Amino acid sequence: MQATETFYDVMRRQGVTRRSFLKFCSLTATALGLGPAFVPKIAHAMETKPRTPVIWVHGLECTCCSESFIRSAHPLVKDVVLSMISLDYDDTLMAAAGHQAEAALEDTIRRYKGNYILAVEGNPPLNEDGMYCIVGGKPFVDQLRHAAKDAKAIISWGSCASHGCVQAARPNPTRATPVHQVITDKPIIKVPGCPPIAEVMTGVITYMLTFDRIPELDRTGRPKMFYSQRIHDKCYRRPHFDAGQFVEAFDDEGARRGYCLYKVGCKGPTTYNACSTVRWNEGTSFPIQAGHGCIGCSEDGFWDKGSWYARLTDINQFGVEANADKIGMTAAIGVGGAIAAHAAVSALKRAQVKNNGSSRAPDLEV
Amino acid sequence: MNVIETKAPSLETPIALAGDMSAEDRAATVTSVYVYEAPVRLWHWINAASILVLAVTGYFIGSPLPTQPGEASANFLMGYIRFAHFTAGYIFATGFVVRFYWAFVGNHHARQLFAPPVWRGQWWKEVLTEIRWYAFLEKRPKKYVGHNPLAQIAMFVFITLGSLFMIVTGFALYGEGTQPGSWANVLFTSWVIPLFGQSQDVHTWHHLVMWWILIFVMIHVYVAIREDIMSRQSIVSTMISGERTFKDSDPD
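For the protein sequence lines, the chains are A and B, in the order given. For any residue, its number in the numbering used here is found by taking its place in the first sequence, counting from 1, and adding 9. In terms of the numbering used here, the second sequence has 6 at position 24, counting the first letter as 1, and numbering is strictly consecutive.
The shape of chain B in the complex, shown without the other chains (with noise of 0.2 Å):
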């Protein structure tokens, strides 16, 4: 899982990387390895883009704004809202299943999100590792190309499974408006407002999991900067350049 082929040249033959580089520089050369290839960067942050229209119009469908002064027939909040979210919905649904084909074509990073080695005892070691780092009893944390177990536990759990339930309930929910005999009440309503019992539980659950995916936000974003920063590589530009850089070069 560590192997890290690197591109930058070894240590033993340390070139002037850049006109201004010291000796202390050059002893720690910086090596890169290609993880996040070009259409996962992309979904990253289209999908965060829609997470937030997504969570603040749904927010707005919930507890609607002030009323609108004039004509009904001259206003369109709500309706302009509403739009605003199932597009938005539209584009993360797609955004979603594209990724997860993409994690059959892609390289073998992008399957991590759908498919944490659960099965493997090493792998939980290294969650404990993880933790333990985040409760300042680790010293020194461990390299990672892709995700570290533990932020990969955070994805699937959040993000995978997170936007998954908000997909299906989302196009449950849609599809209530849209009517029996559209796609969204077929695929969706006829099986899943009985599951819940009836609409309102299904409303309460989509309400609660924007939630739960907004804390992952706050988690992610917090912790990707604190990684940046503190790691043994890059994590914050990696997702906007593809490279995962080391800051040193140390076997593990």
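Same shape as in the complex, but just chain A (with noise of 0.2 Å):
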């Protein structure tokens, strides 16, 4: 491995005008809601900032963020992968394999420790000591240990990695834990969603390079220029919703029409994402707009809330499927039969008492 280049060298070598250079970096600036005085703080960050290197390790996954990151078309992943990042060791996205690619992974850690940055795809299982995710020979816990130790920065990429995701939804066997839970001493950054949109990825890539520091987090640790608003808050339906227009059934008139898709199930309301904005393929479509509600992939526990096409969700605790009008309606019919019964009791009780003799009841004895 040479010494390490700057983003600019990389870019030029590849034949990258700077004309196209700077085109790059006001794209970018746009991508992530900056100003337009950014460009050239970009500019300048990618002209004298070593490219830094990205570890990306792949625990118990399905590699949709993998797939979903590599058709981000702002910026292009192509641009990201070879000319921003040094992204040394991925053995989906890496030519090496094998031996070679543990070598590459060891290389990188040693020769920038606590200065790359560890991007985790899935998430490790820690029953039977791992044994349920073996990478080069190993537990994935352990390469994950392993990798986080020197790493400056973690990025969860996706639900599987923030969240846990399908292979921790109840009764989760294999005891998928995320990675939040695992790896403690680091800073982590949450890129929830199942998976995440393409550009939220390299968009928190660019940002992390270009100003040297992890983005705005919110409480739960997740990049606040993408995940402070909900679907339902930008979605093009809206106006449907507050006119209350739904559609009942995907088949119904209001589904032709467009109406909202609370009543189906849509998980809009209750979504922190930028799918409504931001779109899909480069920005062509997302869920609501092909139809379907939102599912709430980019949610904790996404799968354990019951149905994706009821609004009202499950509650499990106990242990019969049953939303909160199900439980509430049961118990306030019981309370109700049990007053009216009462009431009879009592009624019958004070019968007898009058029966007796005084008009002034329940002070006398009976």
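I should point out that these hints are in silico values taken from the structure, not numbers from a laboratory. All figures in this text were calculated on a predicted structure; none of them were measured in a lab. Take these hints with a grain of salt, some might be off.
[Unchecked claim] Computed beta-carbon distance windows for the label pairs: (1) Arg102/B with Lys363/A: 34 to 42 Å; (2) Ser219/B with Lys363/A: 21 to 29 Å; (3) Met338/A with Val100/B: 26 to 34 Å.
Even glycine gets a Cβ: it sits at the ideal position worked out from N, Cα and C.
Assembling the complex is the task here: the two chains are given apart, and the hints tell you how they should meet.
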């Protein structure tokens, strides 16, 4: 491996003109929601800073995060991978395999001690000493701990790394555990979603490389710039929600007219993500635009909340599937019955007392 | 606790309080105590009204009414329902805060809602007596100027804690819509949502506790009417006039 180059060096070497480079900088600034004043800052950072090495490890996952990542359009993932970061280890994307790949990992950890970013896709299962996920002949949890020890920061890609996702859904037989519960001594940026939006992924990386710091996070560790608003807040079908116009079934007139999907279980009102603004596949569409409600994939425990097609979600604590209304209604009917019975007995008792000779009944002995 | 200051004339010197008073009536001269001051009574009824509005509109937010015909621009049904819910929520929360303040400046009965004397053995014994009264095992209930101990527990658990829970989770959900930076978001949403894990569970709990409070309302109305008839003191009219009247003059 040669001495570290700056981003700009690499881009020029790859034939990118200065003009294209500046265009890239302004596009990136726009994608991050930054003003024009930040364009020269980004350019300056890319001209002077060495490329940041990134180690990308894969635990229990479906690789949808990687699939999403490589479809980033603004910035293009080719720019991110080839120009901005030095993706020194990613067993899915790298050319090397086997011992060579593992050697690259060790080499990066040693050479950039304390300076590399660890990106984690998927999560480690902890049951049976982590034997449910083996990477390079060793449990993934060991590789994760090893790579995390000298990392500058950790990015938890997707809902698996951030929350646990499907493999951690009830009853979670492998005890799949989100990264922040295994690694507790490093700054962790959660980028949830199943998968996260490509532009959100590259946006987070670009921000970290440009400003050499982690983006501002909310209390649960998600970057505020992408996760501080709900799908509902920016949904283009929101006027139909306020008007009270809903899709009642997927084949009704409301569905054809593009009404709000709230009643068929859309989780937009409880889901924090950028889908309704950034959208997917170069801004082509997103689930609600395609006529299906949001399933809330970037929210913790979204697999365990019952149907994706019901607004009120299931509560499992009672051993049966029931939502708040079913439980409340049952309890209310029970209590109503009890009140009726109690009232009947009270009336009988009182009648009994009255028959025994007094109009000022309750204080007299029967 | 049960010291009753009688305003009415004592039994030793019976006076004809009303023209049609018979000897029997006179033998059980009504005594009364001023319990619920005007702000407490006002709060009670405002609170009752806002709970009614909140429960109905809240239910329709969770399970909306059938789709409205016409253009979206010509309709605002969900918006009006939510507006009513938020307005009633503000009234409910403001009422709770004022009621809490009144616990400090009002009479000692005003404090009952917030401080059940759980450290007192005698109080727990009377809780048991009340339970026995409702289980038809006690022939004669005790007299109370304020709440009886069992009622006090119910008030504290359902109304004090229940209202607090609904106000906190309610404003947390409200703050989601008013966005980061708004007071509701800063004061409530920012910590309530992470505490529950995510927004969906906050919605579910907010919904469950609505039923919790509604069940209390059912019991409350039943018991208030039953006590009014069967106990030794007035209940329903007390929340209108503030006067607790007793049907007998026995000391206990």
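A quick look at each hint next to the structure:
no., hint, result
1, Arg102/B with Lys363/A: 34 to 42 Å, "36 Å, holds"
2, Ser219/B with Lys363/A: 21 to 29 Å, "22 Å, holds"
3, Met338/A with Val100/B: 26 to 34 Å, "32 Å, holds"
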